[in-house]
Amino acid sequence: MQRRIIVLLMVVAGASLGATFLPMAWRTIQVADNQWLNNPFTNILIGAIIFFLFALVLERYISAGLSYIEKKLSEISLTYLLFGAIGTIIGLMIGMIISIPLYNLNIPFVTSFLPFFVMILLGYFGFQVGVTRIEEWKKIFTPKSKKTEETQQQILERKAGDTFHRYKILDTSVIIDGRVYDIAKTGFLEGTLLIPNFVLYELQYIADSGDSLKRVRGRRGLDILNALQKEEDISVEMYDGDFEDIQEVDSKLIKLAKLLDGVVVTNDYNLNKVAEFQNVPVLNINALANAVKPVVIPGETMDVLLVKAGTERQQGVAYLDDGTMVVVEDGQHYMNERIKVVVTSALQTAAGRMIFAKPAHSGRGIDDVKPENAEDLSVASDTNNSMQNNGNQSQNNQNGNQKNRNKGRKNA
Numbered sequence: 001m002q003r004r005i006i007v008l009l010m011v012v013a014g015a016s017l018g019a020t021f022l023p024m025a026w027r028t029i030q031v032a033d034n035q036w037l038n039n040p041f042t043n044i045l046i047g048a049i050i051f052f053l054f055a056l057v058l059e060r061y062i063s064a065g066l067s068y069i070e071k072k073l074s075e076i077s078l079t080y081l082l083f084g085a086i087g088t089i090i091g092l093m094i095g096m097i098i099s100i101p102l103y104n105l106n107i108p109f110v111t112s113f114l115p116f117f118v119m120i121l122l123g124y125f126g127f128q129v130g131v132t133r134i135e136e137w138k139k140i141f142t143p144k145s146k147k148t149e150e151t152q153q154q155i156l157e158r159k160a161g162d163t164f165h166r167y168k169i170l171d172t173s174v175i176i177d178g179r180v181y182d183i184a185k186t187g188f189l190e191g192t193l194l195i196p197n198f199v200l201y202e203l204q205y206i207a208d209s210g211d212s213l214k215r216v217r218g219r220r221g222l223d224i225l226n227a228l229q230k231e232e233d234i235s236v237e238m239y240d241g242d243f244e245d246i247q248e249v250d251s252k253l254i255k256l257a258k259l260l261d262g263v264v265v266t267n268d269y270n271l272n273k274v275a276e277f278q279n280v281p282v283l284n285i286n287a288l289a290n291a292v293k294p295v296v297i298p299g300e301t302m303d304v305l306l307v308k309a310g311t312e313r314q315q316g317v318a319y320l321d322d323g324t325m326v327v328v329e330d331g332q333h334y335m336n337e338r339i340k341v342v343v344t345s346a347l348q349t350a351a352g353r354m355i356f357a358k359p360a361h362s363g364r365g366i367d368d369v370k371p372e373n374a375e376d377l378s379v380a381s382d383t384n385n386s387m388q389n390n391g392n393q394s395q396n397n398q399n400g401n402q403k404n405r406n407k408g409r410k411n412a
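Quick note, in UniProt numbering, the sequence shown goes up one by one and the last residue is 412.
I should point out that these hints are in silico values taken from the structure, not numbers from a laboratory. Ideal placement from N, C-alpha and C gives every residue a C-beta, glycine not left out. This list has only true hints and no planted wrong ones.
Here are the simulated DSS-like cross-link-like pairs (lysine-lysine), alpha carbons at most 30 angstroms apart as the crow flies:
#1 Lys71 / Lys255
#2 Lys72 / Lys255
#3 Lys358 / Lys340
#4 Lys185 / Lys273
#5 Lys258 / Lys273
#6 Lys293 / Lys340
#7 Lys230 / Lys72
#8 Lys214 / Lys255
#9 Lys255 / Lys273
#10 Lys214 / Lys185
#11 Lys293 / Lys185
#12 Lys230 / Lys185
#13 Lys72 / Lys258
#14 Lys230 / Lys255
#15 Lys230 / Lys71
#16 Lys214 / Lys72
#17 Lys293 / Lys308
#18 Lys258 / Lys230
#19 Lys273 / Lys293
#20 Lys185 / Lys258
#21 Lys308 / Lys358
#22 Lys71 / Lys214
#23 Lys185 / Lys255
#24 Lys308 / Lys340
#25 Lys293 / Lys358
#26 Lys214 / Lys273
#27 Lys214 / Lys230
What follows is a set of in silico ranges between Cβ atoms, one per label pair, in the way DEER data are often shown:
#28 Ile89 / Gly187: 42 to 52 angstroms
#29 Arg4 / Ser209: 36 to 46 angstroms
#30 Ser209 / Ala13: 41 to 51 angstroms
#31 Met96 / Lys72: 20 to 30 angstroms
#32 Asn336 / Lys72: 53 to 63 angstroms
#33 Met325 / Ala85: 53 to 63 angstroms
#34 Gln30 / Glu75: 51 to 61 angstroms
#35 Ile97 / Lys185: 48 to 58 angstroms
Take the sequences, apply the hints, and build the full model.
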């Protein structure tokens with residue numbers, strides 16, 4: 001169907017061009033007096049036949065080009081196209097107004113070339129202004145009554161303070177991680193979860209990766225997005241705009257957060273630091289996980305299962321249910337055993353929390369160990385003393401015999 005339409009349009013265009021330009025061609029070759037050749041019907045027919053032959057040769061390439069354009073247009077949001085078209089039209093109109101004096105200069109090169117250049121340049125600038133200021137254009141075209149209602153609503157929502165941010169902009173890492181879904185379900189994330197188009201494209205790129213591990217992570221992220229969108233209690237919106245002059249997704253997120261006065265939700269440590277440096281609010285899921293871990297104090301006891309050896313000598317390593325690492329001194333003697341340990345200290349790092357402990361029984365002194373049978377201990381002690389006395393007496397006899405032998409040698 002598409003090819004037929006292309007051929008039909010080219011035939012109509014050929015007929016129109018034939019009726020317009022072929023009479024001039026006949027006069028040029030001096031056959032304008034031929035009534036059979038130089039008449040409207042013949043001109044239309046010749047133009048239609050010529051373009052029909054062109055259509056048979058070029059329709060495949062034209063169809064491929066149109067399919068490519070359709071694919072690109074389907075990836076662009078309607079808002080982007082609308083404001084881009086409005087900006088282009090305004091730019092062309094301004095260029096046309098500016099070009100009117102240029103036509104009156106009667107300078108050959110300037111009159112023919114400069115107006116065309118000015119119109120193209122201003123049309124391009126108008127397009128760029130239209131597509132890079134979408135949010136600002138939306139605010140301009142929003143009815144005044146609606147603006148007043150939104151302002152009043154924002155005032156009511158910000159009574160507790162000015163720290164409220166409506167949009168929580170999700171990063172690729174936090175979507176793939178998946179914990180943001182559970183946090184949002186509990187209601188701890190207020191406002192609207194905003195998923196930019198460039199984050200969605202990055203997720204799709206990861207899901208289509210040749211690496212199986214990346215492919216699984218990307219598909220998990222897409223599943224999390226679908227689950228968030230299906231939750232009625234969670235407000236999720238898509239952001240169709242893009243920043244063509246910025247290549248990195250992290251930089252786009254920071255610029256979008258500044259534009260919308262939003263908060264970036266991420267697990268990326270580097271993005272966290274860069275955003276903080278640029279005074280952009282950040283919610284880090286890892287920091288939240290560390291904050292809600294149970295607090296341990298020195299002297300507290302806990303049961304742990306030692307699973308591997310530590311880096312230092314005789315250390316053993318165990319893990320709590322939340323993944324916190326517990327380093328146990330002298331723990332290698334109890335590998336793959338569940339023992340009771342006493343907390344000695346805790347260390348909080350950017351990567352998480354580490355707990356240092358020692359086996360509970362290692363804290364008892366030797367005086368605390370009581371024998372099960374005191375009489376057996378007394379008998380053992382007497383036996384030990386008797387054996388020690390016999391040993392001393394035997395040693396004295398040996399010393400006396402040695403002295404007598406030495407004395408006999410001297411007399412001899």
